[in-house]
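The task is simple: from the sequences and hints, build the whole structure.
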Amino acid sequence: MSVNPITPFRVRIKFAKLENLRFIGHLDLQRLFERALNRTGLPLRYTQGFSPKIRINIASALPLGFISRAEVLDFWLNAPVDLQEILENLQSALPKDLQILDIQEIPNNAPSLQASVKSSEYSIIIPNTYAQDDINTKLRNILDLETIPVERRGKIIDIKPMITTLYFYEEGDSTILHLQMDSSATNNGRPDELLKLLGIDPADVIIERTNLVFEE
Amino acid sequence: MTLIDKKLLNKILYHVEKPGRYVGGEHNMFLKDWHSVDTRLALAFPDIYDLGQANLGLSILYELVNDRPKLLAERVFTPWHDMETAMRENRIPLFSLESKTPIKDFDILGVTLPYESIYTNVLNLLDLSDIPIRSAQRDTSHPLVIAGGQACFNPEPMADFIDAFAIGDGEEVIFEIIRTYQEWKSKNLDKNALLKSLAKISGVYVPSLYEVSYFDDGSIKQVGPIENDVPKTVLKRISPTLPAPIKKQIVPNIQIVHDRIAVEIMRGCTRGCRFCHAGIVNRPVRQRNPEDILEAIELGVKATGYEDLSLLSLSSSDHTQILDITKAVYEQNKTRRLSVSLPSLRIESFSVDLMDELKDLRPGGGFTIAPEAATDRMRTIINKPLDDEILFETVETIFSHGWLNLKMYYMIGLPGERMEDVEAILETARKVQQIGKRLRGNRVRIHVSIGTFIPKPHTPFQWANSEDPESVQKKIDFLREGMRQSKIKLSYNRPDSTLLEAWLSRGDRRLGQVIEQAWQNGAKFDAWDEGFQKDCWYKAFEEAGIKPDFYINRERRLDEIFPWDHISTGVSKDFLLEEYEMSQRGETRLDCRKGCHVCGILDCFSDIRPNQQDIYWGCP
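Protein chains in written order, with my numbering: chain P, 1 to 216; chain E, 1 to 620.
I should point out that these hints are in silico values taken from the structure, not numbers from a laboratory. Glycine included, C-beta positions come from ideal geometry on N, C-alpha and C. Honestly, I wouldn't trust all of these hints.
The calculated SDA-like cross-link candidates involving lysine to any residue, where the alpha carbons are at most 20 angstroms apart (straight line), are [claimed, not checked]:
#1 LYS474(E) to ASN493(E)
#2 LYS302(E) to ARG35(P)
#3 LYS539(E) to GLN517(E)
#4 LYS6(E) to PHE66(P)
#5 LYS100(E) to ALA86(E)
#6 LYS53(P) to ASP259(E)
Restraint-style ranges between C-beta atoms, simulated for each label pair [claimed, not checked]:
#7 GLU555(E) to LYS96(P): 50 to 60 angstroms
#8 ILE142(P) to ASP496(E): 47 to 57 angstroms
#9 LEU3(E) to ASN109(P): 42 to 52 angstroms
Structure follows, in structure tokens:
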């Protein structure tokens, strides 16, 4: 493949990952987008190298089972195309549980998504099958801790410094927990790890990523 | 209709491996309104999604049924062990991927039976669906359970569990079954009435309407229908022309086997290899025209976004227009990023030419050939003649045209095989390796794959004995040592694991109790390397009072009535016997395009043979 002389047209979409698609992992999602983009017939830009692939950049891997209305993905075209046209075309090529929420053109020299993502905001609905008082007490205690050690792949790490914000309130029968945690390549906070410390099976709650925070 | 408790389901999905197997929601999935249709089918492949979703037959039926406004079809696969445990613990019945409806709420459950080692999974699938496993235990409140697929040409081992088998191509008969079901349902009759009307459809076999009696030695004395208007023999159905290509192939959200577009270019084979089940049961040869193949590719690429395509047939080189096809496929796709594989090529330089025509669409990776046997004597017995000179010449061409990896398929345990035939496999592989090294140096890799021969019903070798696992193991040990010394990669099945296929493929309906017992003992996923639990099966045979040796360790009498004799592939038993005897005399038979050998196919199907010139049937 020769190098394409045209300046690439860089497109950024924000999308929701819901319902059935919560159970599709990051690599599968990557492949899913490659095929969906292929179905659109858009003038896709490929990576250079021995086995070129459709150039896609997903900001941050969403853990399996989480839902989100805040995922962000960049892809590149060899020619400018009307954004509304791209949106309609791509949406019809996607399974219904992936919904495009926003689309914009990004300067080609903008920093990569993965390098600029800083943290994630999560909203977690804890049902009343877990005693609200008990959860509230545990959450308060956790906030007071100096360190919050969890085991990850055989190593003990402290997730306390990864927590930027934590607050919670009761809404009807449930406890709503808001959490902001680091999502960078080096520090990736996992809300499910925190839930386990509270004695909550992450499978019992709905964890939604509500926002991705990028470096300014 | 009751829906599965979504909350509970989501909870268990959170903890299982690859939950994407159980959620559906793929691009091109049909999700129709349950209440807007007359009849609802669940289409099952009794293994995990990762395997089953790749099944072409099932995908064809799924689309054909869903294309009709008043019908719906949804998919179901067998859950993997972890999911099964979680479902049983939480009392979640097996459900369809599309609407998450319990399988027991469908009208018809259609099960694919592609091979024998899937049988215990069928029982498990029924049980997980809260459907009684035995046909006799099911009534009008349960779905009608039908089966189709290549293993159904000997339906007898599954006779106790399946209400009706569709023998042969399913594309037309499926709608006749549905229509019969609808008529029956409108009349409010009992299940037996349904079974009797199903038995009247050509190509449908209802095992409960047949009776089998046995001689003291265990062989069959007689098989016959218990009622007058049930046919003595069930002749398979064929589609006179290949079905239209799939318009909207489902694109899985997780990686599956054969994760690509599949376009069937030809059905059947005229070669007449005597070991080959597919070659007999899929007669006659029916080709797809080049224009239709190109259209199928265009549809496939646009509907799926796949960058891989496979042109399927039993013997690609035998398509009469294969050269035009490869040229046209190249022209059609040269500006696309598409890799086109063309498997099942004959061993001749022409095959390499075909691959060359695909130019840069040719997939990376190796070239595969299937000599099956390494001596002239053995190749005569199996009727797959090949001159060593042509083999080595082809191999030279393969290496000199750029390939570095060559895979060769062989079989051992064939009738009349001697140790020298096995030794010849090693010698051939070494020569091939030398050719590769001479032309391309040390980067050349040879991979020999050994399959253990199992005599199959409806083939000329259906009378043959199957070799005992100990003696097969010795041959494998010999090959393993030799290939190791020469640094040739060898892969093979454990001879033990082929036992099950050997018992079941030529089994009778008495094996139903063995299958059930083995499943009770814990057998499932028998097709998986780690899945086949010999002990469950031996114990089941013992409990059923049946000797497994009866099914494998004996040569059949030439006049023996086989459990599958009342199922006709269109190829006569006389023809098969003649072939078996020719094999023992060391005689080969030419490809039947060069002259009809009167196998019986034309007698059965000449009335539906299309008379248009452009629709090619392999028969002269």
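Going down the list of hints, with the structure as the test:
Proposed proximity of LYS474(E) and ASN493(E) is supported: the alpha carbons are some 13 angstroms apart, at most 20 angstroms. For a cut-off of 20 angstroms, the pair hint linking LYS302(E) to ARG35(P) stands: about 10 angstroms separates their Cα positions. For the hint linking LYS539(E) to GLN517(E), the alpha-carbon distance of about 8 angstroms falls within 20 angstroms, and the restraint holds. At most 20 angstroms may separate the alpha-carbon atoms for a hinted pair to count; LYS6(E) and PHE66(P) meet this at roughly 15 angstroms.
For the hint pairing LYS100(E) with ALA86(E), the CA-to-CA distance comes to about 16 angstroms; that is within 20 angstroms, so the pair holds. Pair hint LYS53(P) plus ASP259(E) holds up; C-alpha atoms about 16 angstroms apart against a cutoff of 20 angstroms. Restraint check, GLU555(E) to LYS96(P): a C-beta distance of roughly 59 angstroms satisfies the suggested window 50 to 60 angstroms. Distance hint check for ILE142(P) and ASP496(E): the Cβ-Cβ separation is about 54 angstroms, which falls inside the suggested range of 47 to 57 angstroms.
Between LEU3(E) and ASN109(P) the Cβ separation comes to about 50 angstroms, which falls inside the hinted range of 42 to 52 angstroms.
In summary, this structure violates none of the numbered hints.
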